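S.K.: Now for the letters of each chain:
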Amino acid sequence: MSRVFDELTNFARARSLFILHYCTGCGAIELPPVMTSRFDMERLGVSPMVTPRQADILLVTGYVSIKTLKRVMLTYEQMGSPKYVIGICSCTVNGGMYWQSYATAKRLDEYMPVDLYIAGCMPRPEAVISGLRELMKKIEQGEANSWKEYYRNYDYYLGNQQHLFGDQWQTPVDVIGEAEHYGLVGDGTRGEHTALLEQVQHPLKPLEMRL
Amino acid sequence: MMLSELLLELVLMPLVAFLVGLMMVLWMRRLGARIQRRVGPPLLQPLYDVIKLFGKETQISHGILHDIGIVMAMGGYIAAETLLPVPGMDGIAAYGGIITLTYLMMIPSLGLALGVGQCANPNGSIGISRALTAMLAYDIPFVIVVFGVAYHAGSANLIEIIDAQQQAGVRGWGIFEMPLLAIAGLITLQGSLGKQPFEVYVAPAEIATGPMVEMGGKYLGGLFVMQAFQFYTTAVLYTALFLGGAESWTALLLKSFLVLTIPLSLAYLFPRYRIEDLVRLLWKWPVMIGLLGVAFVL
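Chains as they are written, first to last, in the numbering used here: chain A, 1 to 211; chain B, 212 to 509.
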């Protein structure tokens with residue numbers, strides 16, 4: 001019975017995807033044709049959303065500089081699971097034309113689990129649509145579970161983030177607490193990097209009220 | 212009436228309203244797509260959205276009021292459905308009347324205000340303050356319209372209002388007897404649906420969907436359900452007040468979808484007003500037209 005229910009949810013999940021497009025680079029220019037009348041993505045059930053809480057897909061289009069990556073991480077951690085990450089353009093795959101840049105994160109999947117890459121510089125709207133179809137197929141078969149990897153291998157991802165952002169790096173989201181609550185603790189959840197995080201972490205305080 | 216029959220109606224009325232409401236949401240999205248020369252979403256899209264949102268695996272709650280607020284937002288409309296007479300089912304419409312219905316239709320906004328308040332997101336607070344201001348703006352013409360119709364029919368009971376119109380034939384419909392009130396009601400409808408010229412609180416580009424900013428998963432699912440109920444309630448209420456209700460479900464669906472098409476097609480053609488323009492416009496034109504209409508009725 002629960003298997004039937006799971007299949008029903010997977011079926012609905014694959015057909016209703018809300019995209020949060022984090023448009024950082026030139027790939028963003030290929031998205032308006034995907035949304036509007038030429039390649040209408042709403043007929044696949046994909047529609048744009050504006051806040052991370054409501055979205056299912058985080059679409060990172062183009063290169064992520066180190067400053068931008070901080071914001072991408074904050075956005076990613078606030079999204080409700082199951083969440084999927086799509087990296088568009090070759091910059092998210094291997095750095096692309098920013099390979100030699102000192103300020104750019106080369107590979108997106110060192111910092112967050114990526115479900116799907118759409119390579120190209122830049123990919124055409126047809127490629128974006130076919131990538132979305134690929135993701136929908138994966139979701140319907142129950143294979144798009146990379147969001148669980150973030151909880152299970154949090155130490156690895158946090159280590160890479162600390163390498164870029166410095167040892168003081170922390171986000172408002174308590175990832176280890178969430179992993180414990182949802183029963184997603186794996187071998188790689190805790191490690192030396194999370195130990196470092198626990199040392200430097202200071203609790204979040206409400207902002208001071210001032211007029 | 213038998214008690215068991217009444218209980219069955221109380222369960223069936225919100226259920227039917229939910230299904231018709233989902234069809235109306237689909238109609239809105241299809242209509243928008245056609246106006247923008249797109250294909251639009253598939254047939255069961257609103258249902259997929261709701262199932263997916265309730266099936267999210269991590270749910271972020273901001274506290275007890277956040278939970279209660281969403282329940283109030285849905286519950287207000289679910290209670291309102293039982294007061295709306297539809298063909299074959301009257302529910303408790305005979306005991307409630309249109310005044311109770313008017314009160315119940317305000318509860319969702321207040322519940323949303325409670326829930327959003329606990330989220331403590333500045334965008335959400337701006338959004339809900341705008342939503343309450345908009346409610347203040349459209350409720351005054353709405354009350355004038357409702358008063359005019361009730362005075363004309365000599366009763367605040369929706370069943371009697373519908374019966375009086377049906378006995379008088381098509382010429383006796385509210386829209387022909389009180390055209391000014393019907394126009395004022397249509398402008399109010401646009402305001403209460405929060406659609407484009409008056410879409411001040413859900414402003415995706417400006418305050419990132421306002422009240423919904425912190426709502427994810429089942430909370431957003433609750434709001435999707437609420438939207439379905441909202442479309443149904445406003446369209447069926449307008450049909451009951453001005454289009455002579457309906458004798459059959461076919462007529463009801465036809466009339467209510469027709470009513471809904473007017474604000475929705477306007478919504479996809481126009482940008483929106485600022486909040487102070489909204490209040491000024493809604494307090495000037497529908498109120499003036501409505502008062503003139505009431506004067507003719509008196």
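Incorrect hints may appear among the rest.
Distance windows between CB atoms, simulated [what the hints assert, rightly or not]:
hint, chain 1, residue 1, chain 2, residue 2, range
1, A, 181, B, 282, 43 to 51 Å
2, B, 494, A, 208, 33 to 41 Å
3, A, 4, B, 390, 41 to 49 Å
4, B, 491, A, 5, 46 to 54 Å
5, B, 250, A, 71, 50 to 58 Å
6, B, 485, A, 172, 38 to 46 Å
7, B, 317, A, 137, 44 to 52 Å
8, B, 274, A, 67, 31 to 39 Å
9, B, 331, A, 29, 32 to 40 Å
Facing chain B, according to a computed beta carbon distance under 8 Å, are these residues of chain A, among others [to be verified]:
hint, residue
10, 9
11, 12
12, 81
Calculated from the structure, these hints are not laboratory results.
Note that this is a predicted model, so its numbers are computed, not measured.
Don't be surprised by glycine CBs; every beta carbon is placed ideally from N, CA and C.
S.K.: Does each hint hold? Answer for all of them.
M.R.: Here is how each hint holds up against the structure:
The given range of 43 to 51 Å is broken by residue 181 of chain A and residue 282 of chain B, whose C-beta atoms sit roughly 23 Å from each other. For residue 494 of chain B and residue 208 of chain A, the Cβ-Cβ distance of about 38 Å falls inside the hinted range of 33 to 41 Å, so the restraint holds. At about 54 Å, the beta-carbon gap between residue 4 of chain A and residue 390 of chain B misses the expected band of 41 to 49 Å. Checking the proposed 46 to 54 Å range against residue 491 of chain B and residue 5 of chain A shows it holds: the Cβ atoms sit about 51 Å from each other.
At about 34 Å, the beta-carbon gap between residue 250 of chain B and residue 71 of chain A misses the expected band of 50 to 58 Å. Checking the proposed 38 to 46 Å range against residue 485 of chain B and residue 172 of chain A shows it is violated: the Cβ atoms sit about 33 Å from each other. Our hint of 44 to 52 Å for residue 317 of chain B and residue 137 of chain A holds, since their Cβ atoms are close to 46 Å apart. For residue 274 of chain B paired with residue 67 of chain A, a C-beta distance near 33 Å keeps the hint of 31 to 39 Å intact.
Between residue 331 of chain B and residue 29 of chain A the beta carbons are some 36 Å apart, a value that agrees with the proposed interval 32 to 40 Å. Satisfaction of the interface hint for residue 9 of chain A is found here, the shortest Cβ-Cβ separation to chain B being roughly 4 Å, below the 8 Å cut-off. For residue 12 of chain A, the interface hint holds, the least distance from its beta-carbon to any beta-carbon of chain B being 4 Å, beneath 8 Å. Contact between residue 81 of chain A and chain B, as hinted, is supported at the beta carbon level, the nearest pair being about 4 Å apart and thus within 8 Å.
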